[in-house]
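Engineer: Below are the chains, spelled out letter by letter.
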Amino acid sequence: MTEMYIPKEKLAGVVEDLIGRQRVYGPVFDGAYHNFEEIKSAGALDLAYSNTRLSAKGLFHPHSERMFEYSLASGDPEAGVLKETEKDYSPRVVLGMRPCDARALKIMDRNFNSPQYGDPWWVKRIEATTIVGLACNAPCGTCFCTTAGSGPFDDSGLDAMLVDLGEGYLARAVTDKGSALLSQISKGSAAPADAAQKADALRRSAEAAIGLQFDVGSITGKDSMELFNSPIWEEIQFACINCGTCTFLCPTCWCFDIQDETHGEHGDRIRIWDSCMFPLFTLHGSGHNPRQNKAQRVRQRFMHKLRYYPEKYGDGIACTGCGRCVRACPVNIDIRNVARLMSSSACVRPA
Amino acid sequence: MKNPYLPYPVRIDSIVTETEDRNLKTFTLVFKNPEDEARFAYTPGQFAELSVAGQGESPIGIASSPTEKGFIKFTVNKVGRVTSHLHSMKEGDVMGVRGPMGNWYPWETLEGKNIVIIGGGFAFTTLRSSIVYMLHPDNRSRFGDITVVYGARSPGLLLYKDELAAWEQRDDIKMHITVDGCSDPNWKYNVGFVPTVTKEKAPSADNAYAIICGPPIMIKFTLPVLTDLGFPPDRIISSLEMRMKCGIGICGRCNIGSEYVCKDGPVFTLEKLSKLPNEY
Amino acid sequence: MRAYTEKIREAAKRLLSEKRVDAVIGFRKGSIPLVNEPVLVKSPERADELYWDGSCGVNLANYLPKRTDRVAIVAKGCDSRNIVVQIVENQIQRDQVYVLGAPCHGMLDRRRILASLKGREPTSVEEVDGQVRITGAGFEETFSRSECLQENCSICIHRNPVISDEMLGEPVAEQENVDRYPDVAKVEGMNPDERKDYFEEITSKCIRCYACRNACPQCYCPTCFVDESRPQWMGKTIDPKDVRTFHFLRAFHLAGRCTDCGACERACPVGIKLRQYTKKLEKDVKEFYGYEAGVRLDERPPLDVYRPGDPENFIK
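Residue numbers (our numbering), protein chains in the order written: chain A, 1 to 351; chain B, 1001 to 1280; chain C, 2001 to 2316.
Extracted from the complex, chain A is given alone in its bound form (with noise of 0.2 Å):
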């Protein structure tokens, strides 16, 4: 099965079957924000939202998560070795995930799953989902996807795609998984003759409504070391507060801590969200500390969105233009104005 319409009077139906059949999660509003959830039933879901408070990452890599669990016990033969602990990775498909936090999860991918090493939590988690988008028909003010790549109708993180046409979901299977989902979909009938055709232009006008904001291409064609001594992050850091709002809430920023949990005689070593924002993130033992300076650590994070991660993998930035930063940073920072003027700046690879 690779199309089919979903008349949204039996959505609720169809995500009823699904939660028969697997672990289901989606967009729930909680009375402030939307979040992914686990739906445990149809009427918890919401689609009818622009986009998740908290970025999609968190289904795959949880803020915190418990690795491997150890006993200290006296006399405990396996005391101080440390075993992986349980977890669930039955299937669940996830659906309503907006293109520009699905595309996320494929630049997470390269860090998380390199040729040399697999986060095995990661690589579980992506192989037991399945993940149903739902395109943009109406993308934000501080949506700049398009400009980072990505797009309001990008189904290249999907396994299937909904596209709202008013009255009901064109549903499309983008992998093998989407269609191996779609056949599940008892509910759902023959796409209406002008289905594609609608589609279409909802894409056009909403790829249209976000246009180009900036151009990458200017700025990873720059000299990175001369963007690095660029006089323009004395200006950009000074608002900084160093919250790690913008990296928790980014979809992209991957970066974690690993502790040691210790209660009585069990424990756990467990890792939780990091952010390159904190002082602690490069501090070395002897008290050093590589980027002890704000400065240092704001430039950080855009040079290593817009111009490291690049230059590491040759495809792109590490931003899929989702704007959660720029609406929720507290001092106004814009990632888009960031880039404007590493672009702007007057330095460019020499020939």
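Mixed in with the good hints, there may be bad ones.
[What the hints assert, rightly or not] Derived DEER-like restraints, expressed as beta-carbon distance ranges:
1) 1034(B) / 2192(C): 17 to 25 Å
2) 2140(C) / 201(A): 26 to 34 Å
3) 226(A) / 1003(B): 37 to 45 Å
4) 1154(B) / 284(A): 23 to 31 Å
5) 284(A) / 2314(C): 41 to 49 Å
6) 2119(C) / 179(A): 30 to 38 Å
7) 75(A) / 1185(B): 47 to 55 Å
Because the hints were derived from the structure by calculation, they are not lab data. For clarity, every value in this text was computed on a predicted model and none was experimentally measured. Yeah, the Cβ is synthetic: ideal placement off N, Cα and C, and Gly gets one too.
Since the structure of chain A is provided, determine the placement of chains B and C on it from the hints.
Structural biologist: For chains B and C alone, kept in the frame of chain A given last:
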């Protein structure tokens, strides 16, 4: 799938206090599961995460050489939470080792070359690994002259004193041991800072590579000496230290520019470093 | 309040060209509606970037600690109180700071306005005659200003700066007979289990990003207790016990120091009502010691002085 975060369980076989300030101890570790030793195949210059359940992990250069079988060695400076705890552990205790990690000194490139090793203080661990490796009968003929300049603040702060003395006796390695200052009338080696001694002994740059590890101040003043001796930046090799957690290029904290010190390093040529931000 | 813009620019040009100060801390117009960006202006030529309207909620006192230069700073009532606390706590010297006092009518609550727009996105916001006109694609809505204020602003009793070197306008009328603590009284009326549930629910969304701490002008410790590793006082996860420990300890550290400027709530990306913690302590400090934070330069916060007559009936 092998979990790269899961340490191999090891038993502490012996602990040697290396320096008179008692801040450096060498731990000889033996794998609890003998088959893990083969999985932990390493090359001089690499490091590993030493793991203590309940305390955490600390990235430490591997001080043993792959030519030494049946154990691995780490010399640990007492600095933070994990290393302080390690210093309180006893022979027979169980801990973990994760690795090997990072790149290594470029042994294939170094083959047939004269090697100048310059070390300072406790940053002599992977240099010890390298020396033992090169001096092994299977390997010695692969390298030309080997010259070592190794300095510490005082004689009591030199690492691996017995081995240093043994290497002094050999004719296939030129040793220049030095201390910043010394009140011992029987001290028979050099007195002076590493850069000065390097300048005096003037190892030839012909067909040579320099490997330099030590405190930043020593490196800062030795690099111009090496340059004067004719070592180009692509023949000066160093190893960086950074705060690390995962050790495998995933957790994100140890980057300098686009490079992760844990995975793309810790070994860099001076030429490479000159093109990267100095955030280390 | 837009009228301040010209006065701020004029003062900045004058102070910078007369070399009375090395820099001016103010706002420039934000890149999106309802939030402006703090800015440091160092030359008179750039003074025209400075801007003022009802979206200048960020507490600029947060940018003062550890500064070594002489700075002018635009200060609302709450900012000025935080500057006073910082002077009292020796984080900045009085003669380093040139306060441009901004009598305040309260700041707009971006979160509240966005919620009342129910998903429609504003593209421009105009404040005229006590009203806020919001326009977006295909809609225009007008609210009365009082419907749009941050909650701490609507119960504020120090709208005029408590210290200033120059005022940007005539003092505004202070609000009188304000009941500052109806919500605190409600929590005080709960039994311990209800109270515990109440606070657990408030922080259940916390992601430990520390925006609340970093936005707070009084959270200037070189190393926060939460970042200490030897000893490590608390865990770093989003387990409720770690989250609870963080928020309670932080709040206690602000007892007698918090000015209810609302910076924490404004910064929180997940909408935690952090003032529910600090307001209770503010109320207690007021009742026990008759003390309001940041009002007087000649009085130390009650929790760092001992007086033989200090009340102790709350020690159980």
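Engineer: For residue 284(A) and residue 2314(C), compare the CB-CB distance with the range 41 to 49 Å and indicate the outcome.
Structural biologist: The hint (41 to 49 Å, Cβ to Cβ) holds, given that residue 284(A) and residue 2314(C) are roughly 44 Å apart.
Engineer: Given the hint of 26 to 34 Å, is the C-beta distance from residue 2140(C) to residue 201(A) inside that range or not?
Structural biologist: holds, 27 Å
Engineer: Are residue 226(A) and residue 1003(B) spaced within 37 to 45 Å by their CB atoms?
Structural biologist: holds, 41 Å
Engineer: Determine whether the Cβ-Cβ distance between residue 2119(C) and residue 179(A) falls within the hinted range of 30 to 38 Å.
Structural biologist: holds, 32 Å
Engineer: How does the Cβ-Cβ distance of residue 1034(B) and residue 2192(C) compare with 17 to 25 Å: does it lie in that range?
Structural biologist: Distance hint for residue 1034(B), residue 2192(C) is violated at roughly 57 Å.
Engineer: Can you let me know if the beta-carbon spacing of residue 1154(B) and residue 284(A) is within 23 to 31 Å?
Structural biologist: At 24 Å between Cβs, range holds.
Engineer: Does the beta carbon distance between residue 75(A) and residue 1185(B) stay inside 47 to 55 Å, or does it fall outside?
Structural biologist: holds, 54 Å
Hint 1 from the earlier list is the only one contradicted by this structure; the remaining hints agree with it.
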